[in-house]
Structures are given as C-alpha cells and as structure tokens.
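Here is what each chain is made of, one letter per residue.
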Amino acid sequence: MRDLSVVFTRKGTRPFTAVDGVSFDVEPGRTVGLVGESGSGKSVTALAIMGLLPKRGAEVTGEVLFEDTDLLHLSDKQLRDRRGRDLGMVFQDPLSSLNPVIPIGLQITEVLQRHRKMDRKQARVEAADLLDRVGIPDPNRRLSEYPHQLSGGMRQRALIAIALACRPRLLIADEPTTALDVTIQAQILALLSELVRDTGTALIMITHDLGVVAGLCDEVNVMYGGRVVERAQRHALFASARHPYTHGLLASIPRLDAPRGEKLLPIKGSVADNIPWSQGCAFAPRCPNALGLCREETPQLEADEGGMLRCHNPVGLVAAGEGVR
Amino acid sequence: MTSMLRRKAERIDDLAESGGTSLAVDAVKRMARNPVAVVGAVITVLFVLLAIFAPFLAPKNPYIPYDELRANLRPDFIPGSMEGFVMGSDHRGYDFFSRLLVGAQQTLVVGVVATIIGATIGMVIGGLAGALGGWVDTVLMRFTDILLAIPSLLLAISIAALFQGTQWTVIIAVAVVSVPVFARLLRGAMLSQRSSDHVLAATALGVKRSTIVFRHMLPNSLGPVVVQATLTLATSIIDVAALSFLGLGDNDTSRAEWGLMLAQAQNLLDVKPSLAFYPAIAIIVVALGFTLLGESLREALDPKNRR
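Keeping their order, the protein sequence lines are chains L and C. Start counting the first sequence at 21; every next residue gets the next number (my numbering). Start counting the second sequence at 3; every next residue gets the next number (my numbering).
I should point out that these hints are in silico values taken from the structure, not numbers from a laboratory. As the structure is a computational prediction, the values presented were derived from the model and not from experiment. Glycine included, each C-beta is placed from N, C-alpha and C at the ideal position. A hint or two may mislead.
Stated by the list, open to error - 27 angstroms max Cα-Cα, derived DSS-like pairs, lysine-lysine: (1) C:Lys62 <-> C:Lys274; (2) C:Lys210 <-> L:Lys141; (3) L:Lys97 <-> C:Lys210; (4) L:Lys137 <-> C:Lys210; (5) L:Lys97 <-> L:Lys137.
What the hints assert, rightly or not - Derived CB-CB ranges, DEER-like: (6) L:His93 <-> C:Arg211: 13 to 23 angstroms; (7) C:Val126 <-> L:Gln142: 30 to 40 angstroms; (8) L:Arg217 <-> C:Val126: 49 to 59 angstroms; (9) L:Pro157 <-> C:Leu59: 55 to 65 angstroms; (10) L:Glu316 <-> C:Trp137: 41 to 51 angstroms; (11) L:Arg187 <-> C:Leu134: 30 to 40 angstroms; (12) L:Pro308 <-> C:Leu134: 45 to 55 angstroms; (13) C:Leu59 <-> L:Val145: 50 to 60 angstroms.
To be verified - Stretch by stretch, here's where chain L covers chain C in the computed footprint (C-beta under 8 angstroms, at least three residues): (14) 200-208; (15) 213-220.
Chain L on its own, in the form it takes in the complex:
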C-alpha cells in the first residue's frame, strides 16, 4: 500500500477546513504515527480514510489510494465490503464502541461471517482464537459475556480482536489507549506492535501521547491546525525535533532523566489561537520562534534532513531546551 494522500475540506455552516492537504504513505508492516493536540485534525483524517464522515456537511477531496484503488471514489457497497476486510479501525473509547446488549462473541463472529463467509461454528472457533491471540484468558467463556462484564483493558483487546478479525491490511488506531490506565496502555501497545510485526499489517496510529509514538511508530507525522508540520523517523524526531511545535510538545512532557525541580514548559495558548494557514503559519501566535515572516507567508512542507518540515525558523541543532526560549 503506497501513496496514501488525503486532501479535504469539511463544510459546516461556514466552510471549515479541518484537514488541509495531508499526505503520507504507509507501507505494510510499518507504523505511522499521527500526533497533535485535540482539534489538530487527526481523527478527522482517520474517519476520512475509512469513509465514515457524514455525506452531508463534509466534503472530502483528494485521494486515498489503497493498493491503487481510490477509496474516496468507491460506492457505499464497495466501501462496505472493504471496511472490516481490508481496513480495520480501533476506536478510542472501548466501552461505547461495543454494543452493550449483545455478547462480545457475536460482535466478532458477525464480521467473520460477513467478510470471511464462515458459518456460525467456524466463526465461533475463530473468534475464540482471536480473543486468545489478543491475550484474553479463558476466551470461550468470554465469548458469551457482555461488554460491561469485561474490564477496560479487556474491552480494548476485544475491540482490537474485532478489528483484526479479517486480517485487514490497514489498521487505523484512533487513540486506542486514552481510556486505559498506564499498565494496560503498555500491554495494548505491545500487542499492537506484535500484531503489526506478525501479520504485516500497516498501522496508522493516532495519538496525542508522544510516549506512545516513541514506543511504537516508525515514522511520525506531527499535525497542527489540519496540516502536517513535521515528518520524521522516530529517532530523528526525539533526538532533534525541528519544528517549534514538536519541540514544544516534547518540552511539555515530564522526563524521568531530567534534573529535579526543572519546570515543564507548556505551549502557550490553545489550538484556537491560530491564524488561517492561507495567511501564514497557523502556529505563529503561539510560537516562541515566530518571525515577522511567519505571519505573512505560509511555510511549505519541505524536505529537511531525512524528514519533512513546514517552518520558516526551525529549531536549530542546538541542545534541547535552548533556542526555544
């Protein structure tokens, strides 16, 4: 799977561009992270790839190429056949994403029966196998249990099992660990990376948690205001973030190895304080490195030291912390 690019504008009461010219590629067996604050367009990108945005009120343009098929031009029916079989999605909130009134097992077999044409019995065996693979103990008993009888971590595992039921070639995980506590987060992430390795699935990981990125993603796209502002390989990003926004994100996370008493550096302001991309850099009002140029000319996404960067005045190769202030 190559050449996955999404460009779209979303129309509300007045046109609002939630995601603006985002392009990236995902290859089988690789994990690409989408990182950014709330409202930066990560989830909308995911929904657009899956074709889950409402027809009215959202206008999706550009192309989503999945093995040479443009997903945006498929009919409803063709898309429905693809979803679940080729494309899987893991949602953020594991409780509300499971149907509360039917047992877990049925929610898994439903997909198996539809896409893999299994009969009920085969599907049940396969479902138990799937639950086992995502690390749910005693899968046969769990199959007949309802979502509220499972713990949060198990629900998320069940959701992953459902998403993986038909061995999709692209899996989108939309903040799969936000609703879970830290130990479970680690388990779920380990599970996801293991699955990517074993099945060769391509994974798009959406998160606002840079820790998740550090542990899982091969390549990271940092999004701000609906555009990608920096793209880098994992290590490059953490070693030397170039965009002031990425830099700010990193500086606002507590580190175990930092000297005691050192203050965290929050990014000033909120996502709402931005200027439209058409008139300059959306991050400029909050950017410590902002130049006059930043408010006048829109920076382009340009190749930069193995990654891509959209900034007029990137953070230099100075040690982290300096140059930002």
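Given chain L, work out where chain C should sit, using these hints.
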C-alpha cells in the same frame, strides 16, 4: 450510617458472587427494593390473574338474569347482598359480582390488544423513520405530529364514532391514539443510537446496514418502548372505559365491561351507588397499578441510576 455501610458491603458481596449482573437482573433487583414498584407489581399481577381466571372464579353466569334477583327488582330498589349473590343484582337482575370479575378480563384483553397494536404500528413507523432518516423521517414524523396535535381522547372518540359498534372499534380507536407516542419514542432512541460510537464502530467493520439497524440499533432502543408500553396500558384501560361510558363501545349493552357498567349505573346512583362505585374503583386501581409499575420500571432501567 452503619446500616448503610452494611448494605454497601452486602451489595459488593452480591456482585462478587454473581460476577457482574445483566441489566435485566439488575433492574428486577432494584425494583424489588422499591416499595412503589412492589405495590404496582402486586396490583398488576393480581389483576392479570383475576382476569385470566375470571370465568372460573365467577360464582354465577354473568350473562344471564336470575329470577331470584329479578323478583326483587323495583324502580326504586335493587337488591344488595343476598344468599348466593355476593354483591346482589344489577339493574336487570344479573349477578353484579360475577360481572365485575368478568369485566376485568374484558378490560385486560381490550387494553392489551390495543396497546400491542398501537405499539407495533408505532414502532414500525418510528423504526423506519429512525433507521432511514431523510425524507421518510420527515414525512412520517409530520404525520405523527398531526396525530399528536389532537387531544388523545377526542381523537379516540372521533375514530370510534366513525365505525359504530363492536369491541374492535374501541380497540382500534385506542390503538391509533397510542401510535404517535411509540413512533416518536423509538425514532428518538434510534437517532441517538445512530450517532453512537458502537454503531460507528460497526460501520467501520463493514457490517450491513440492515444488520446494524436490527442487531445494533433496535435492541438498544427498546428499553424506553417497554416502559412506555406499561404506561400506555394504563391509559388504554382508562380510554376504553371512557369510550364505553360515552356509549361508543360495543353495541351489545349486556357485555360485562367496567366503563359500560359505570355508564349504566349513573341513573341509579340514588338507588344503588355501589353499582357505580365498584367498577370505578376497579378502573382506578388497575390504572394506578400499571402506572406505578411503568414508572418504577422506567427508573429501574435508567442507566443513570445504576450503581
């Protein structure tokens, strides 16, 4: 304080034993602790049992006049309790007590059938509107709005007046009145389901639309409909009685039916007031029973009250 703690502890023990409870079990448990629910349930169960076994319980045949009673009938006197006739006679020499009992059956059958018909049609309309949306939704909902705009009893009376005559007239009139309520309720519930995460998740898995509607949206929307059905049963019973009272019910005036009995008793209030009293009390108690049950069911099923 200590009793509260103990109750909490017991509850936790319960939970530990059962290993989590289903919504239905939980609701029943919560209702058993609620006195209002218990009263409602007792009244309802008694009424249903009485209605089912009325023909066997009735000491006399409610549909034939008895000579012993008729002999004592005068324009200004109707015999009260006497040997073999617990509540004496009605104005035509029928056994009043047996007629009251059999009246329970009439009331239950008419009420239940009317509610089932009303709920079914209402659910089809609401389900279609909620599942399909768009212009189907608009057309169906404006239609139900029109029905809702007319006061329910007035609507029932007009419908009953259109086709004079049988028990079915009453049933259909009462059913039509309850249709818009069910339609709105189910549509609302379906709409909220449509925007829920698990429906989105099912869509993301490529589940067929019909499957999503029937397996994922409908079962999650039925709770309020069940509650509404119990409440509607109460109003249906009252409406049925009201229609018969107004003479819009069955033309067969010998039928043992509480509303009809009430209507016939109103001229005889000064002669034998109990002829009006007992059917009236029966209607009130039964309607109260269903209402209490319905209200407490609503509370018990409300996930916000779940602990």
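Review point. Failing hints, ascending?
Key: When the structure is compared with the hints, none of them turns out to be violated.
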